[in-house]
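K.L.:
In the order they appear, the protein sequences are chains A and B. If you read the first sequence in the working numbering, its first letter stands for residue 1, the second for the next number, and so on. If you read the second sequence in the working numbering, its first letter stands for residue 1, the second for the next number, and so on.
Source of the hints: derived by calculation from the structure; they are not laboratory data. Warning: the hint list may mix true and false statements.
Unchecked claim - A few chain A positions that, by computed beta-carbon distances, are all more than 10 Å from chain B:
1. Ser32
2. Pro41
3. Ser48
4. Ser72
5. Gln98
6. Glu100
7. Gly107
8. Asp141
9. Lys164
Claimed, not checked - Simulated pairs of lysine-lysine, PhoX-like, Cα-Cα distance not exceeding 25 Å:
10. Lys168/B x Lys78/A
11. Lys95/B x Lys168/A
12. Lys168/B x Lys2/A
13. Lys152/B x Lys164/A
14. Lys45/B x Lys71/B
15. Lys110/A x Lys74/A
16. Lys167/A x Lys78/B
17. Lys167/A x Lys151/A
18. Lys71/A x Lys167/B
19. Lys2/B x Lys95/B
Ideal Cβ placement from N, Cα and C applies to all residues, glycine included.
Each chain, letter by letter, is given below.
Number of protein chains: 2
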Amino acid sequence: MKIEVLRIGQRLVRDDRVTTHVALVSRAFGASKILMQEVNPEIKKTISDVNRTWGSTFEVEIIDNWRKVLKSKKNSFKIVHLTMYGENIDSVVDKIRQEEQVLIVIGAEKVPCEAYDLADYNVAVGNQPHSEISALAVLLDRVLQGRQFLKKQENAQKEIVPTKRGKKVLDKTID
Amino acid sequence: MKIEVLRIGQRLVRDDRVTTHVALVSRAFGASKILMQEVNPEIKKTISDVNRTWGSTFEVEIIDNWRKVLKSKKNSFKIVHLTMYGENIDSVVDKIRQEEQVLIVIGAEKVPCEAYDLADYNVAVGNQPHSEISALAVLLDRVLQGRQFLKKQENAQKEIVPTKRGKKVLDKTID
Numbered sequence: 001m002k003i004e005v006l007r008i009g010q011r012l013v014r015d016d017r018v019t020t021h022v023a024l025v026s027r028a029f030g031a032s033k034i035l036m037q038e039v040n041p042e043i044k045k046t047i048s049d050v051n052r053t054w055g056s057t058f059e060v061e062i063i064d065n066w067r068k069v070l071k072s073k074k075n076s077f078k079i080v081h082l083t084m085y086g087e088n089i090d091s092v093v094d095k096i097r098q099e100e101q102v103l104i105v106i107g108a109e110k111v112p113c114e115a116y117d118l119a120d121y122n123v124a125v126g127n128q129p130h131s132e133i134s135a136l137a138v139l140l141d142r143v144l145q146g147r148q149f150l151k152k153q154e155n156a157q158k159e160i161v162p163t164k165r166g167k168k169v170l171d172k173t174i175d
Numbered sequence: 001m002k003i004e005v006l007r008i009g010q011r012l013v014r015d016d017r018v019t020t021h022v023a024l025v026s027r028a029f030g031a032s033k034i035l036m037q038e039v040n041p042e043i044k045k046t047i048s049d050v051n052r053t054w055g056s057t058f059e060v061e062i063i064d065n066w067r068k069v070l071k072s073k074k075n076s077f078k079i080v081h082l083t084m085y086g087e088n089i090d091s092v093v094d095k096i097r098q099e100e101q102v103l104i105v106i107g108a109e110k111v112p113c114e115a116y117d118l119a120d121y122n123v124a125v126g127n128q129p130h131s132e133i134s135a136l137a138v139l140l141d142r143v144l145q146g147r148q149f150l151k152k153q154e155n156a157q158k159e160i161v162p163t164k165r166g167k168k169v170l171d172k173t174i175d
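Chain A with its partners taken away, still in its complex shape:
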């Protein structure tokens, strides 16, 4: 399954850390790309540093107009919009799992009606306010059923060896 994430809206500097978390979650939970507008361009460097150290070819694309992107992606992707007002995740997760290409839309602020209308699925990860970061993570975890964590990243310089206490890290740059 090919997964991309589109983030709508951005409260500029105020949301910088949140933006980084959203990108890192997209990468670690199996998406291949995140598309965002009005972000600090530093985010591209942050993610490319993470890719270099921990592997993967995850991309950050900075866009001008989310509406255009959403409309053009709609031809080939199923649109999954995360909103606390949507259908329960339990009712739709099996259907989403069958899709070949999914664009997940998340809002950093109040999301315009158009996003609801363009979506194939408006999905609620619970009907209580929390965070687009947690909603994205739980959706991907439920859709991919944990397989996202088993994948070995290619071209990683470092790899963690899971351990009960402390830190074990393989340095793969040493032969």
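The hints should help you fit chain B onto chain A, whose structure is shown.
P.N.:
The following block gives chain B in isolation, referenced to the frame of chain A:
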């Protein structure tokens, strides 16, 4: 199961939005309390506003010294420390599910060794960097198996009716 969350470290203003997200996730995913140090006291007001509108008696406790708190809680709670270096969540989730009282420890920055040593479980939600917000959400979703989203909040002024498109909200202050 009684669940509390302890957040260690805080990059002050820089992390304000992230702190709010952590508290909202703790509340929406079934914890009864979050304990944090060095946060903007505004967070208490934000959460009490959310409690009033959407229900629940979730608490924010501002603490002085996380080490003291962790040591004293260790008498009655099992300590689950979330870290990308820990054991895979798949290996420990069944055991955690059997516990009666769990304190989940998350770090906003580099976490001192003591936290690893005091933990009963050092748990990795994947071995890639992402976010304490997503790690907390996925841990609680896996432990509670989605039941956290089915619970009706008491004393809510508003309640969402899940819907395929748009927003349906019951105003429970109107008889």
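K.L.:
All hints are to be evaluated individually against the structure, with a verdict given for each.
P.N.:
Going down the list of hints, with the structure as the test:
{"no.": "1", "hint": "Ser32", "result": "holds (14 Å)"}
{"no.": "2", "hint": "Pro41", "result": "holds (18 Å)"}
{"no.": "3", "hint": "Ser48", "result": "holds (13 Å)"}
{"no.": "4", "hint": "Ser72", "result": "holds (21 Å)"}
{"no.": "5", "hint": "Gln98", "result": "holds (18 Å)"}
{"no.": "6", "hint": "Glu100", "result": "holds (22 Å)"}
{"no.": "7", "hint": "Gly107", "result": "holds (13 Å)"}
{"no.": "8", "hint": "Asp141", "result": "violated (5 Å)"}
{"no.": "9", "hint": "Lys164", "result": "violated (6 Å)"}
{"no.": "10", "hint": "Lys168/B x Lys78/A", "result": "holds (24 Å)"}
{"no.": "11", "hint": "Lys95/B x Lys168/A", "result": "holds (23 Å)"}
{"no.": "12", "hint": "Lys168/B x Lys2/A", "result": "violated (31 Å)"}
{"no.": "13", "hint": "Lys152/B x Lys164/A", "result": "violated (36 Å)"}
{"no.": "14", "hint": "Lys45/B x Lys71/B", "result": "violated (28 Å)"}
{"no.": "15", "hint": "Lys110/A x Lys74/A", "result": "holds (21 Å)"}
{"no.": "16", "hint": "Lys167/A x Lys78/B", "result": "holds (21 Å)"}
{"no.": "17", "hint": "Lys167/A x Lys151/A", "result": "holds (20 Å)"}
{"no.": "18", "hint": "Lys71/A x Lys167/B", "result": "holds (22 Å)"}
{"no.": "19", "hint": "Lys2/B x Lys95/B", "result": "holds (15 Å)"}
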